[in-house]
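Chains as they are written, first to last, in the numbering used here: chain A, 1 to 246; chain Z, 1 to 285.
Bear in mind the hints are in silico, worked out from the structure with no lab data behind them.
Among the hints, a few may not be true.
Simulated pairs of lysine to aspartate or glutamate, EDC-like, Cα-Cα distance not exceeding 16 Å [said to hold, decoys possible]: (1) A/15 <-> Z/118; (2) A/15 <-> Z/86; (3) A/11 <-> Z/86; (4) Z/234 <-> Z/248; (5) A/7 <-> Z/94; (6) Z/210 <-> Z/191; (7) A/11 <-> Z/98; (8) Z/132 <-> Z/118; (9) A/15 <-> Z/94.
In this text, all values refer to a predicted model and were calculated from it rather than measured experimentally.
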Amino acid sequence: MNLRELKILYKIEGKRAESPVLIVVFSTLQSIFLAVILFKPTIANNVYGNTAYISLQADLVYVAIFFGITFSLLYIQELKNDYSRGIFHTFLTYPISPGAYAFSKLAALFVRVFISNISVVILFVLLTRMYFIWGIWWSIGLILGIAIIMMMSFGVSYILSPLMNLSPLPEMLIVAFFLGITFFSYTIPQHYLSLVAPFFTVAKLACGVKISAQERLMTLLSPFLYSVFMSLSYFYHNVRKRRCVE
Amino acid sequence: MNSEVIIEIRNLRKRYGSTVALDNVSLKIGKGITGLVGPNGAGKTTLINIITGLIDADGGEVKIGIEGDFRRRIGVIRDRIAFPPELEVRYFLERIAELYRVSSNRVRDVIKLVGLEEVTDKRIGALSRGYKKRVGIAQAVLHEPVMVIADEPFAQLDPIIKVEIRDIIAKLSREHGVNFFISSHEIEDLERIADRVVLINRGRVVRIIKRGGRVSVVVESDNNDELVTYLIQKNLRARMDRLRVRVEIDNLKNLLRILGEYEGNIYSVNMSSIEGVMKDEFEGA
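The whole structure should be built from the sequences, with the hints applied where relevant.
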């Protein structure tokens with residue numbers, strides 16, 4: 001991977017992703033996620049008692065899935081727009097690798113959304129004084145968990161990016177992946193689930209459910225698993241045949 | 001490879017299913033401006049896309065200039081104006097210059113050269129089509145490539161802008177030594193600036209016409225049939241072509257002298273070196 005090339009492309013894509021719409025949309029989604037954590041236990045406790053925590057965990061998983069699908073679709077949509085408008089092909093005429101272009105776009109969107117979302121989470125933890133209730137490790141765990149969800153979501157869309165010209169196939173695969181995991185979540189061993197879908201661990205964490213050391217480890221390994229698959233996509237993008245041109 | 005030859009294409013083949021897009025195309029593209037013309041589906045865009053590395057050929061090879069990454073040796077003006085619309089002109093060109101490791105002084109020079117000074121701080125998306133074409137030319141010549149490959153650079157432009165773009169290309173070629181390989185449907189524009197024109201049809205190179213070679217002249221008079229007979233008597237290749245007289249000549253002065261001696265009225269004389277040849281090649285095919 002050529003870092004110089006990535007840096008220049010990142011400057012281009014970073015400037016393109018400056019629209020405040022992105023921040024508003026994802027900060028709102030993040031706020032909904034956090035509001036569920038904050039208000040659901042209070043209301044549910046008053047009405048249903050302790051069993052409501054189980055319901056909360058399921059709610060959080062659904063919000064996280066919605067969050068993940070939105071993240072993934074955003075990237076694939078942006079990349080597809082560039083492809084259909086011919087911008088992708090224009091960049092292919094420059095001395096860069098196609099994988100670097102796709103990756104720099106991913107990085108620019110990720111950083112943009114990541115900064116706004118993590119800022120919202122940190123403000124939430126501090127302003128609602130949850131930090132005092134949850135303690136430092138729990139708070140860091142939640143922030144880290146949300147960061148992992150974002151990485152995983154963008155990872156899924158990057159992995160599917162070589163299929164962008166077969167739209168709506170990648171979009172359908174994204175939705176099928178997230179919903180499929182949720183559907184089979186009870187049949188898959190929990191530590192494997194944490195590896196493939198770390199939002200389950202984050203939902204448990206947010207509900208105060210104890211997570212095993214295996215689940216914690218697998219959740220932390222999740223970004224590496226996705227990085228491996230992302231590398232495969234990166235190489236696939238770069239395998240463009242130009243045998244005939246010297 | 002001969003030093004005058006910049007791009008050498010050997011036995012290039014490309015198929016899309018059962019359709020043959022390029023059928024053993026061999027071609028040497030030299031210095032100056034080389035045009036590529038042909039009817040729709042002739043294989044022009046396929047040839048351009050293979051040279052620029054956007055698609056791969058089924059067989060054959062393309063050699064461009066000296067050693068190294070071929071994309072550093074060519075500049076590309078694509079038929080679609082597709083640059084990030086959110087970026088300002090200067091910002092975009094500076095980043096592309098960075099990719100090519102070109103200094104910012106060069107960016108300034110190129111902006112001046114193609115007449116983008118007034119819009120350097122405007123977003124590309126807010127530019128008129130003519131200015132976007134200029135951005136296309138600017139990004140293609142930034143790194144001083146050995147050859148600029150242009151696909152339909154005059155397409156969808158109003159006549160005034162078309163002349164401006166044509167003049168910029170001619171100026172870059174004559175005054176700054178930039179070589180162009182231009183695919184276009186606009187024969188008249190190509191004819192005015194090209195040193196040679198490659199005719200392609202059904203995936204094959206059918207002819208290469210050089211500037212100063214055979215010229216096709218279309219003449220209109222009050223009695224075209226009589227004029228054809230008169231010109232044939234004067235040993236010229238003349239024929240009726242859609243109610244007009246078409247004459248193939250090597251020497252324009254000679255034709256003008258003969259027309260001057262003609263007793264009937266002459267209403268118009270239009271010259272085209274490519275059009276007549278194209279008609280022969282493509283309509284007769």
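Regarding the pair residue 234 of chain Z and residue 248 of chain Z, is the alpha-carbon distance no greater than 16 Å? Measuring from Cα to Cα gives roughly 13 Å; hence the hint holds.
request  = Would you mind confirming whether the straight-line C-alpha gap from residue 11 of chain A to residue 86 of chain Z stays at or under 16 Å?
outcome  = holds, 13 Å
16 Å Cα cutoff - pair residue 15 of chain A, residue 118 of chain Z:
violated, 22 Å
Item to check | Hinted pair residue 11 of chain A and residue 98 of chain Z, Cα distance within 16 Å | outcome: holds, 11 Å
- Message: Please verify whether residue 7 of chain A and residue 94 of chain Z have alpha carbons no more than 16 Å apart.
- Response: Judged against 16 Å, a Cα distance of about 13 Å means the pair holds.
Pairwise hint evaluation, residue 191 of chain Z against residue 210 of chain Z, where the allowed Cα distance is 16 Å at most:
holds, 10 Å
Restraint check for residue 132 of chain Z with residue 118 of chain Z, where alpha carbons must lie at most 16 Å apart
holds, 13 Å
- Task: Take the C-alpha atoms of residue 15 of chain A and residue 86 of chain Z, compute the straight-line distance between them, and say whether it is at most 16 Å.
- Result: Holds: residue 15 of chain A and residue 86 of chain Z sit about 8 Å apart, inside 16 Å.
Exercise for the section: Mind checking the alpha carbons of residue 15 of chain A and residue 94 of chain Z for me, to see if they're no more than 16 Å apart? Expected result: holds, 13 Å
Hint 1 alone, counting from the list given before, is not met by this structure.
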